[in-house]
Amino acid sequence: MVNGTKAAALCCLKLSLLLKEQIAFPGSQPYTDSLVSYFSLQEANVKPACVASPQNIQDVSTIVHALTNPVAPCYFAIRSGGHSSFAGAANVQDGVTIDLRGLNSIDINPDGPLVSVGVGASWGSVYTQLGHYNLSVAGARAFSVAVGGLSIGGGISYFAPRYGWTCDTVINYVVVLANGSIINANQQENPDLLWALRGGTNNFGIVVRVDLQVFQQGNIWGGVISHALSTASQQIEALSEFNSDGTYNQYCSLISSFAYSGAAETSFIINNMEYTKALANPPAFQNFSSIPFLTSTMRITNMTDLVTETETLQMSGFRQASATLTIQSTQDALKAIVNAWNASVPLVQDIPGIVWGIALEPLPSAIYGRHAETNALGLTERNDTPLMIVLLSITWNEADDDDRIDKEAKALIGTLELELGSLGVLDPFVYLNYAASWQKPISSYGEANVKRLFRIQEEYDPHRVFTDYVSGGFKLGD
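Numbering (numbering that gives the first Met the number 0), first residue to last: 0 to 477.
FYI, nobody ran anything at the bench for these hints, they're computed from the structure. As the structure is a prediction and not an experimental result, all values here were calculated from the model. It is possible that part of the hints are untrue.
Derived lysine-lysine pairs resembling DSS-like cross-links, with alpha carbons at most 30 angstroms apart [said to hold, decoys possible]: (1) K19 - K5; (2) K474 - K439; (3) K46 - K5; (4) K474 - K406; (5) K5 - K474; (6) K450 - K409; (7) K450 - K439; (8) K334 - K406; (9) K474 - K409; (10) K334 - K439; (11) K406 - K439; (12) K406 - K46; (13) K46 - K439; (14) K409 - K439; (15) K334 - K409; (16) K46 - K474; (17) K13 - K46; (18) K13 - K334; (19) K409 - K46; (20) K450 - K474; (21) K19 - K46.
Start from the sequences and build out the full structure, keeping to the hints where you can.
In structure tokens:
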């Protein structure tokens, strides 16, 4: 068998003969444009042998067929929006990166229940197009996040309490398998693959299009409110009560973030709140509305405007890291998390460009339990317990600090696992789209679901191409 570097060179040459200008090599502008468009600097610093930019589904089939030649198979990566943070998540050193951003079609049936979207389209573009018809989908909360990764890793939206995870709203996936064949995965065709792709990510094939459930939606109330850290105890009390309510208001969406900014040399709290009706200051948020604030952008507006605002809070182009936990959201648990985060700030505050934040996102049973039997996430048998996703999100400037960031992130997550475990509130679920490279989200789906995923993988990728030759993403059993 040809060695990896030589195989990549041969694959890139072969692809350039087949698809010509769709294959970009180092030193060319399209190659550079692809790399600089990644969310994190770590991903942008990974240098593939070439970048393949298919413009339609058949192009993807051609690329996969060329890359999986048994004589000289190539390592490759699959990238839709490139919003994951760690190096190699959607890029590959000295391999072939398939950049799916050219698959960005948005086909709307105004009279039907779905929209067909290429996986390279941004959610902001989808909201803009659907907004012309007063329609929406349960997609991402930032404009530039692409449809692909979110739709196969779970997906949390402002509409999640009404419709479930983003993957739950996928009616059909169009998938290119390792042999280049193009198939559908829906309730009538390949229903086992439909289940697996709802959380099983890129272990089975390349998803190239998703057909999503649409629903009537007008303007909503939402925005961002900032608070002094001195309001933390009020925030924790309000958040605990908000998420423990047995009658969770399904029009509510909330992210409470506690963050330290090195540039500002201070810590603060940001609440991203949405109510998916055109109703200002709904009673469901009254405990938060009564807390003194520093700034507020709350208003009644459309989805495109809201995800554009969230985009401005994203720190694209810097070094990024994230890690995650899931908990039962008791008040004691929230106190333990905020206290541990606050105690960790002095350990990192001298790092240039540091933003060190913990976000708390309610995960009521209205989200995780609505379609728990029809996705691979394994969130059954939780007895409607209110859960919460904890996201450690980090931004910094210099590669010299990578090891230190990694050490402190692991230390904080380890501290939280111990403290929350002792409180009896640590849930095993690890949300894949927030997970660090050293976490094991798919294993958290439970033994039965992992075994089922392996069986499905054996059927659709019997030669383990997407395990052995696609370096990015999270693998079954990891």
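Hints, one by one, checked against the model:
1. Taking the CA atoms of K19 and K5, the gap is near 20 angstroms; set against the 30 angstroms cutoff, the hint holds.
2. At most 30 angstroms may separate the alpha-carbon atoms for a hinted pair to count; K474 and K439 meet this at roughly 9 angstroms.
3. Among the hinted pairs, K46 with K5 is consistent with the structure: their alpha-carbon atoms are about 15 angstroms apart, no more than 30 angstroms.
4. For the suggested pair K474 and K406, the alpha carbons sit about 23 angstroms apart, so the restraint of at most 30 angstroms is met.
5. Taking the CA atoms of K5 and K474, the gap is near 25 angstroms; set against the 30 angstroms cutoff, the hint holds.
6. Taking the CA atoms of K450 and K409, the gap is about 28 angstroms. The hint holds against a cut of 30 angstroms.
7. With a C-alpha separation of about 15 angstroms, the suggested pairing of K450 with K439 holds against the 30 angstroms cut-off.
8. Restraint check for K334 and K406: the C-alpha separation of about 23 angstroms stays at or below 30 angstroms, so the hint holds.
9. Distance check on the hinted pair: K474 and K409 sit about 20 angstroms apart at the alpha-carbon level, within 30 angstroms; holds.
10. Distance hint between K334 and K439 is fulfilled; the C-alpha atoms sit about 26 angstroms from each other, no more than 30 angstroms.
11. Between K406 and K439 the alpha-carbon distance is near 17 angstroms, which keeps this suggested pair within the 30 angstroms criterion.
12. A threshold of 30 angstroms between alpha carbons decides the hint, and for K406 with K46 the separation of about 25 angstroms falls inside it, so the pair holds.
13. Proximity of K46 to K439 is assessed by CA-CA distance (about 26 angstroms); at most 30 angstroms being required, the pair is judged to hold.
14. For a cut-off of 30 angstroms, the pair hint linking K409 to K439 stands: about 13 angstroms separates their Cα positions.
15. Between the alpha carbons of K334 and K409 the distance comes to roughly 20 angstroms, so the proposed pair stays at or under 30 angstroms and holds.
16. A hinted pair counts as satisfied when its Cα atoms are at most 30 angstroms apart, and K46 with K474 qualifies at roughly 22 angstroms.
17. The hinted pair formed by K13 and K46 meets the criterion: a straight-line CA distance of about 19 angstroms does not exceed 30 angstroms.
18. With a C-alpha separation of about 57 angstroms, the suggested pair K13 and K334 falls outside the 30 angstroms cut-off, and the hint is violated.
19. This hinted pair checks out: K409 and K46 have alpha carbons roughly 27 angstroms apart, not beyond 30 angstroms.
20. The suggested pairing of K450 with K474 holds, with an alpha-carbon distance near 13 angstroms, which does not exceed 30 angstroms.
21. Using a Cα cut-off of 30 angstroms, the hinted pair K19 and K46 holds, with the two alpha carbons roughly 20 angstroms apart.
Figure legend: structure checked against the earlier numbered hints; the only hint not met is number 18.
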